[in-house]
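S.K.: The primary structure of each chain is shown beneath.
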Amino acid sequence: MGVAAPVLKIDDLRTVFGKPPHQVIAVDSVSLSLAAGETLGIVGESGSGKSVTALSILRLLPAGSSRIESGQISFLGRDLVRLPARELRRVRGKEISMIFQEPGTSLNPVFTVADQMAEAIRLGPGGSRKEIRDKSEQLLHEVGIRDPLRVLASYPHQISGGQKQRVMIAMALSSDPKILIADEPTTALDVTVQAQILDLLRELRDRRGMSIIFISHDLGVISQIADHVLVMYRGKIVENAPVLDLFRSPKHPYTKGLLACRPRLAQNARKLTTIADFMELAPDGITLLERTLSPSDRKKLESEGRPPLLHPGSLMIDPTLTGTEVSAATKPILEVNHLCVHFPIRKGVFRRQVGQVKAVDGISFKVYPGQTLGLVGESGCGKTTTGRAILRLVPTTAGEILFEGRNFLNVRGSTLRQLRRRIQVVFQDPYSSLNPRLTVEAALIGPMRSHGIGSSAKDRRDRAATLMEEVGLSTEHLRRYPHEFSGGQRQRICIARSLAVEPDFLICDESVSALDVSVQAQILNLFKELQSRRGLTYIFISHDLAVVKFMADMMAVMNGGKLVEMGPAESVYRHPQQDYTKRLIAAIPDDSLEMIESRLARRRPL
Amino acid sequence: MLNYIVRRLMMGVVTLLAITALVYGLIRNIPGDPVSAQNAMNVDRKISKEMEDQQRRLYRLDRPWPVAYALWMSDLARGDLGTSIARNIPVARLIQERVGPTLLLSSASLLLTYLLAIPLGLWSTVRAGQPDERFLGTLLYMLYSLPAFVAALFLQIVFAVQWDILPLRGMTGDQFDSLPFWGRVWDLFLHALLPVTCYTYGALAYYTRFIRANMQEVIRQDYIRTALAKGVSPTAVVVKHAFRNTLIPLVTLMGLTLPSLLSGSVILEQIFAWPGMGRLFFEAILERDYPTIMGLTLMFSLLTLAGQLLADVLYAVVDPRVTLD
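Line by line, the protein sequences are chains C and R. In terms of this note's numbering, the first sequence is residues 1 to 606. In terms of this note's numbering, the second sequence is residues 1001 to 1325.
Bound conformation, chain C alone (with noise of 0.2 Å):
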């Protein structure tokens, strides 16, 4: 693979942020080298200086506030680093392509898909403008757009994610690139729409025979794509392996606890191993220690916890599976009956309503105190509306919440505050989820005092004190605003502010899955550590199989604001009843060594 002669070559490439003295070097001495038709996976967490070393190719990083220091970016014979703006803007789009995390953000409000390929087009191959429509209609339909001419008329808004992002890759591919650069792609998709895109961008560069320089923090997603893998770790390059190897063979200390933080459906680990089971920071700050597992706290991670808390009667239908159960005579803590949330749709001068949009469409399940529920389905299946209308955040169109046997849509005044004290929710984003404007002593003393816990102001420090090293932060956080902490920070925050209250039921909505894969490690444990301490009850709502098969005790799969599917976790991952819960499944990127060496296989020599 290494014979050919490499398209781009990093040297020794230093990017920094700000000025001395408070200068950040994002990007520290990083050389790597791209063949032709080679796909190069830099994978690594937030900060690590993998999205900026690509955005150092082609320099699209804010002119103000950062600056590639030194270092060469050779591409065909010119350093791209050097490059007159001019010349730059001609490897833009036409040799080196880019798409990236966001595809919501990334394309242009106000203009139709068909203005903003048609610029692409005509700033690359050109043509007239039936040439250009007749351009952009094919690369969209090579794109696996099924209705490309609707797709062309439409603005943005009026797509999905998925063909958001494919939009995204067939505008990058009008000029024939001779690199695709994929920064984080699929990040913010579902995961079945991520195993489409990643089946698209295989099918494109052995079709097109392209480069593909792909960023992910997620090395099962990297496992799925990549021929070589570079990990980057605080600005540096810290392993650089062809992915068998790497997969193989991992030799560095933060490689091998990425791939081993990830939940694995084939597992029945309790706890995940996190990057600090294989690493830690030498008192010096600078230095690495590498630590090993044992054999011991392996089993531990398997041993620990309590095995899950399944249904009164699911041993029955299958007794290979693990775990006690609910005793029979236990009362559930919140039992849901027909649930009915209906969006009307309304028209006309008098705004009659004409229909209705079924988010969530007569749904039922009972949920046993100190278990976890977790809700499962793409997006658009109901599965948060379902969480927002247990919280009475959304109105209930028919149907029933009891909450320890008390319909908690008839309550009201007082007794519904104190419910809503004891029913609280993570949500998803912790960056848009904590008021930016109140410090985390602020925000975790609010909630307290209005539901009169703690008997002083006092009284209240400690408790919020007491939390932040629950949740693994320390005291001298208090002082400080959100925007200090990093995102598996503030998530943490978000748990801490939900427990102010005492709670004893959270609905997680989400809750991970803007997170690092690494992080996500981290905040999971966390959730299951709180639970066996304060034996708290879960709805854990994802879209990940995996992370809810790691989670739930009981599972409930839905779609089309219906539940298709209900049973231990452990019985609908192995034994899925229903072809929707069986895509979920495959979905789930499978970084096994057999399907990273068949998937080698298949791929055309270079």
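There may be inaccurate statements among the hints.
To be verified - Only pairs whose alpha carbons sit at most 30 Å apart, straight line, appear in this in silico DSSO-like list of lysine-lysine:
(1) R:1240 / C:135
(2) C:130 / R:1049
(3) C:347 / C:562
(4) C:347 / C:300
Stated by the list, open to error - The following residues of chain R were derived to be distant from chain C, with all beta-carbon distances above 12 Å:
(5) 1004
(6) 1088
(7) 1115
(8) 1137
(9) 1176
(10) 1226
(11) 1231
(12) 1261
(13) 1318
Hints are computed from structural coordinates only; laboratory data are not their basis. Even glycine gets a Cβ: it sits at the ideal position worked out from N, Cα and C.
Given chain C's structure and the hints, the job is docking chain R onto it.
M.R.: Chain R only, in chain C's frame:
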């Protein structure tokens, strides 16, 4: 969209009824009425008590205000705005006479503001942080904080008194009627120059900063990075991709300026002796000229409602994500 407009118009009628009733009730309840106001002005020509009562009956001042309001409404329904008490000419004609001069100043000023503010705003975005942009920004900010009446007096002293190159006040010169067509246009132009300047400079500062602030936000968006990655030139990125998105808040602002097009400015029209709507409103209040006040109120309310509707409709036109229904 049509449904939305119809619904908004129906709500507009209700709002109009509420506004006019409120204003009618208020002016009828402030001390003094047209008759006493006229008597106060003509001290030497006192009229008899019977005459006063007769006049009050004529102007429906003897009726309780809700009844008088209902009668005013029924006149309005027949298209009759009534007759100005102080000037004894139909209110509709009075407004018609005054609209022209005000519109001349405000439309010239609005046009000038947009023609200058858009390029300045875009230029400020591209040059953000550079010394020349900072200088312009500071200059505009200083202008923004300078009151128009101060600037007006200052300009009058310099251009009309000291240098004597522009007329001091009024809309036309003395020999206006004897001038040929282009002579008249030139005369009007000279008279309008100072007032238009005073109308414009504050708005210019405001709009330029508004555009710059919005552009600064837009150019940080992901889709701007996409455009750059496609190889679009920096000029096209600013003018096409970024400005098109800044247009969304800008048109909303445009709709809301509609009432100010006709309302004129009391102070500036007074300083420049400009026969516009602002002065008319001010005088009508002093004279307790109820029909004129009501006529003007009705017009401003209509324009405000129309402006808001226009802003909402334009918003949906420039932003494809918004649908009115």
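S.K.: Look at each hint and say if it fits the structure.
M.R.: Evaluation of the provided hints:
Distance hint between residue 1240 (chain R) and residue 135 (chain C) is fulfilled; the C-alpha atoms sit about 23 Å from each other, no more than 30 Å. Between residue 130 (chain C) and residue 1049 (chain R) the CA atoms are separated by roughly 86 Å; this puts the pair beyond 30 Å, and the hint is violated. Our distance criterion of 30 Å between C-alpha atoms is met by residue 347 (chain C) and residue 562 (chain C), whose separation comes to about 26 Å. A threshold of 30 Å between alpha carbons decides the hint, and for residue 347 (chain C) with residue 300 (chain C) the separation of about 60 Å lies outside it, so the pair is violated.
The non-interface label for residue 1004 (chain R) is inconsistent with chain C: the shortest C-beta to C-beta separation is roughly 9 Å, within 12 Å. Distance check on residue 1088 (chain R): its Cβ is at least 44 Å (rounded) from any Cβ of chain C, clearing the 12 Å threshold; non-interface status holds. For residue 1115 (chain R), the non-interface assignment is confirmed: its Cβ lies about 23 Å from the closest Cβ of chain C, beyond the 12 Å cut-off. Distance to chain C confirms residue 1137 (chain R) as a non-interface residue, since its nearest Cβ pair spans about 17 Å, more than 12 Å.
Every CB of chain C is more than 12 Å from the CB of residue 1176 (chain R) (nearest about 48 Å), matching its label as outside the interface. Not every CB of chain C lies more than 12 Å from the CB of residue 1226 (chain R), the least distance being 5 Å, so the non-interface label is violated. The claim that residue 1231 (chain R) is not at the interface with chain C is violated, since a C-beta of that chain comes within 12 Å of its own (minimum 4 Å). The beta carbon of residue 1261 (chain R) sits about 27 Å from the closest Cβ of chain C, which is more than 12 Å, so the claim that it is off the interface holds.
Separation of residue 1318 (chain R) from chain C is inadequate, the least Cβ-Cβ distance of about 7 Å not exceeding the 12 Å criterion.
Checked against the numbered hints above, the structure violates hints 2, 4, 5, 10, 11 and 13; every other hint is satisfied.
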